[in-house]
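Engineer: Sequence:
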Amino acid sequence: MTTFAIVDLETTGNSASKGDRIIEIGIVLMDEKREIIREFSSLIYPERDIPPFITSLTGIEEDDLLDAPLFTEVADEINSILKGTYFVAHNIEFDLGFLNEEFKRCGYTPIHNPVIDTVELSRIMLPMAPSFKLGQLSEWLEMGHDQPHRALSDAKVTGELLGFLLKRLERLPERTLDHMLKVESKLKSELRPLIQQVIQKKRYKNLMGFELEYDLFHGIPIRKVNRSLKKEENYLPPFKDWVEKAFQQPGGLRKHLPNYEPRLGQKEMSEAVQQALNHSNHAMIEAGAGTGKSIAYLLAAVHHSMKTNNRIVITTHTTSLQKQLIEEEIPTIEKMSKRKIQAVLYKGRSHYISLVHFSYELDQSYQDNYDIALTKAMILVWLMETSTGDIDEVQLPSNGRQFWHKVSSEQSTKKVELDIGENSFFGWAQEKAEQADIIITNHALLCMDLISTEDRLPNYEYAIVDEAHHLESIASRYFGIRLNYKELQRQLTQFSELFKKRAYRKLNVSDALFRELDRCQFIVDEAKEELNHFSRFIFQKVKNQSKKEKAKSDVGRIQYLTSGGKEDSFRVTAHEMCHRFLASIRKLMLGMEKIRDHLYTMEPLAENPSVAILRSRLDTKIDFCNHVREQLMDYFSVSDEDDVKWIEIEGEGATNAVYLFGEPLNVADLLHERLFSKKRSVTLTSATMTTNGSFDYLRKTLGLDQSNPVTEISFPSPYDYESQVKLMVPNDFPNIKSHPEEFIEAISEAIYSTALVTKGRMLVLFTSYEMLKKTYHLLREFIDPEEFMVFAQGVSSGSRDRLKKNFQAFEQSILLGTSSFWEGVDIPGDDLSCLMIVRLPFQPPGQPVQTRRDERLKEEGRNPFMERSLPHAIIRFKQGFGRLIRSSTDRGVVFICDQRLMEAKYGKYFLSSIPDVPITYSQTRELINQIDKWL
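Taking our numbering, the leading residue of the sequence shown gets 1, the next gets one more, and so forth.
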């Protein structure tokens with residue numbers, strides 16, 4: 001009979017090897033029917049101090065432990081409880097590692113029970129969970145958790161979680177469990193006996209009724225989904241009645257949205273979008289924060305699409321907005337319609353799984369490492385849950401992304417009819433998109449569709465571009481070049497897998513093909529070596545010049561502008577070295593073509609799917625080589641004056657961490673030619689489109705000034721900024737140019753002093769990554785972690801969303817951000833009381849694209865500062881300002897540490913671009929006193 005011992009420890013820190021000790025242990029014994037048969041709990045005297053952070057986390061104080069037993073006094077009882085059990089913990093290495101250290105200290109043999117790690121098992125059985133931390137998982141699964149970070153409470157919740165996960169395991173199809181046995185040996189948890197037990201029950205006790213329904217493709221069970229699409233006929237009222245119902249009648253938005261209140265400008269915006277669609281006009285619509293712009297344009301788009309049977313593409317910059325549109329706002333509008341709205345979230349090939357490639361990889365599982373085994377197990381369970389096959393639904397482990405490249409639909413090309421049509425998630429996505437009323441996608445796929453020879457999106461005539469102030473930068477990236485050493489090396493390493501002989505041994509191929517495989521592997525090694533030499537040479541050159549010129553990107557990389565009309569010795573040498581690398585790539589292509597052509601002479605797909613898979617992978621790699629050659633062939637030759645090319649390196653990184661970039665100097669013409677002159681109606685919208693009350697800047701940079709007349713409308717935010725916001729500007733900061741270190745000290749002091757009166761809840765926005773890092777390290781020197789938690793983008797670990805969650809999880813916290821934190825971060829309510837802007841967001845000097853664009857404007861006798869730098873900074877400033885007030889009840893302070901706002905001639909343009917708010921310009925101490933009184 002199987003008994004599970006679920007163990008949780010509280011300790012003085014994270015490292016037993018550095019002397020941290022156990023302060024509390026909780027054990028729950030559970031039988032195979034998931035019933036608790038015993039509980040054990042004890043505080044433990046740790047023979048060392050408890051750090052304040054641990055006390056605040058657990059609530060356990062020094063005094064609580066004075067009468068607690070030493071571990072030696074309870075070791076015997078703990079050892080006997082654990083004997084003969086499955087050892088279960090949420091993060092097995094931590095709890096088992098600490099216990100075994102204590103057992104060794106007491107002279108006991110370390111325990112070697114079979115183990116289950118519920119973090120790992122949760123990742124496998126709940127691949128779509130938002131987090132795998134115990135507290136967040138228990139909240140998500142609605143499990144009661146009375147005392148988080150107390151050992152017995154955590155052990156009980158872990159036991160409940162284990163029961164839930166094992167129940168899910170029992171519902172999986174037998175075929176899924178068989179596949180799971182292929183990877184089980186590489187996992188931490190010893191699941192084989194449990195999986196085999198479930199398989200036996202299914203076979204001999206006829207428990208098939210408990211299985212989830214599934215379809216079988218390429219031997220892999222996937223969730224059964226009705227994929228037939230029927231467009232229903234639908235009577236729609238005239239648009240005037242449609243919006244009237246939505247905004248003013250009882251059966252409209254008021255009925256379907258909790259706390260709905262009419263918003264100034266929302267109905268008018270909906271009517272403006274409908275006018276643009278109906279009259280085939282382009283439009284630019286600025287809608288201030290809180291206008292409800294997405295509902296406004298969706299009402300117009302849905303009505304027009306259903307009425308005219310024309311699909312409409314809606315594109316956004318952030319995935320969070322896409323999610324909001326598809327999961328919240330379209331279902332709300334659907335409730336007001338008499339038929340289902342056919343809306344799809346559509347992505348590129350690389351997001352969708354290829355079942356035929358995944359099936360192939362499952363058969364190669366004997367060579368997996370831990371991360372790949374875990375990734376495969378997660379995908380097997382996810383396939384029983386997903387209806388889309390879109391990997392963004394899953395949190396893959398750190399190296400899982402590398403594996404994903406092998407099994408995504410980008411591996412299947414048109415030349416090899418694999419994973420296309422009715423057996424493919426990508427095929428299903430295409431089919432749904434073809435029949436959709438509304439296609440939601442991102443700016444990146446829109447731009448790829450504009451530049452690509454093959455259609456990336458279904459044909460469309462009408463588009464709505466939300467977060468439109470990003471369109472220029474995304475278009476520049478996709479119309480340009482982006483290559484980096486690390487990605488090229490990763491790709492070359494993947495090539496090696498194609499040339500391993502074991503994949504071909506079962507195929508009855510000739511000796512000549514084996515010789516070609518050896519030759520190709522030799523060429524891969526040669527290409528890697530050439531790439532190393534080439535990258536090191538470039539790195540050294542850029543590193544040496546950076547001592548003189550300090551141009552840096554917003555993430556701190558050193559930049560070097562290569563474009564220009566003259567040929568220099570660096571460019572000549574780089575060109576030669578680059579061509580040596582490309583010569584290897586060319587030889588590699590020829591070798592792969594020979595192998596592929598040999599495979600084409602073999603039996604058809606029906607006889608052996610492996611042949612088609614290898615062909616398709618060879619085609620994909622040949623296409624990649626062609627792409628690299630196209631991008632690099634003329635990279636170091638004298639530049640076209642319409643392009644900007646530059647190199648970036650990690651100053652402190654590896655000596656070959658090199659990034660190559662190229663962008664067109666002017667994307668306006670390209671966007672005009674490929675988007676605005678081709679489509680009947682494109683509506684651009686955002687909360688930040690105007691500068692100084694005019695759309696001129698964005699209209700010119702996006703190429704709309706070359707089109708027919710464009711409708712331009714601005715709807716102000718309905719929030720009462722005058723009573724919700726105070727804007728503070730200190731007049732006593734040191735001059736940043738003459739005293740940069742003193743300026744950073746002043747920033748740090750201002751952050752700390754303000755945090756004392758706002759109780760943390762501060763977002764600090766920087767324009768320079770270097771300054772952010774210096775400020776963070778200075779703050780860490782004098783801020784006690786018990787007082788404030790300080791998180792910093794690029795310094796503290798984690799993605800932007802993870803940093804935001806951590807910031808919101810701690811009551812008194814400060815978040816330092818640059819780059820992407822200027823926008824798209826939504827921290828409503830009491831979580832954010834103060835937004836500090838360190839400098840007006842002009843781009844740092846020496847940015848390659850900006851430098852060349854400025855030069856071009858000067859050559860044309862124009863003013864680059866007024867036409868480009870200032871409007872760009874104002875739009876960024878408006879985005880930053882918009883982080884503070886995210887609802888009608890928010891209140892807060894915007895603290896701007898840049899006197900230019902009040903003293904420079906152009907300061908008025910920044911102020912006139914934001915809502916009217918009370919402004920105070922005074923000494924820092926006086927401002928902080930005012931914040932204290934007001935908040």
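Source of the hints: derived by calculation from the structure; they are not laboratory data.
Owing to the predicted nature of the structure, the values given are computational and were not obtained by experimental measurement.
Wrong hints could be hidden among the right ones.
[What the hints assert, rightly or not] The following label-pair restraints were derived from C-beta to C-beta distances:
1) L216 to P110: 23 to 31 Å
2) K543 to R482: 51 to 59 Å
3) T109 to Q812: 42 to 50 Å
4) D241 to M902: 35 to 43 Å
5) P331 to E673: 53 to 61 Å
6) S912 to G651: 56 to 64 Å
7) K255 to S912: 35 to 43 Å
8) L141 to K486: 19 to 27 Å
9) R175 to E393: 17 to 25 Å
10) D392 to Q706: 12 to 20 Å
Heads up, the beta-carbon is just placed ideally off N, CA and C, and yes, glycines get one too.
Engineer: If a hint holds in the structure, say so; if it does not, say that too.
Structural biologist: Here is what the structure says about each hint:
In this structure the supplied range 23 to 31 Å is violated for L216 paired with P110, their Cβ-Cβ distance being about 45 Å. K543 and R482 have their C-beta atoms about 21 Å apart, which leaves the hinted 51 to 59 Å range violated. In this structure the hint that T109 and Q812 lie 42 to 50 Å apart at CB holds, the actual value being about 45 Å. Look at D241 against M902: about 51 Å separates their beta carbons, and that is not inside 35 to 43 Å.
Between P331 and E673 the Cβ separation comes to about 37 Å, which falls outside the hinted range of 53 to 61 Å. For the pair S912 and G651, the beta carbons lie near 39 Å from each other, so the given range of 56 to 64 Å is not met. The hinted window of 35 to 43 Å between K255 and S912 holds, with their beta carbons roughly 40 Å apart. Range check, L141 to K486: about 38 Å between beta-carbon atoms, so the 19 to 27 Å window is missed.
Checked against the hint of 17 to 25 Å, the C-beta distance between R175 and E393 comes to roughly 21 Å, which is consistent with it. For D392 and Q706, the hinted distance range of 12 to 20 Å is not satisfied, since their beta carbons lie about 36 Å from each other.
Checked against the numbered hints given earlier, the structure breaks hints 1, 2, 4, 5, 6, 8 and 10 and satisfies all the rest.
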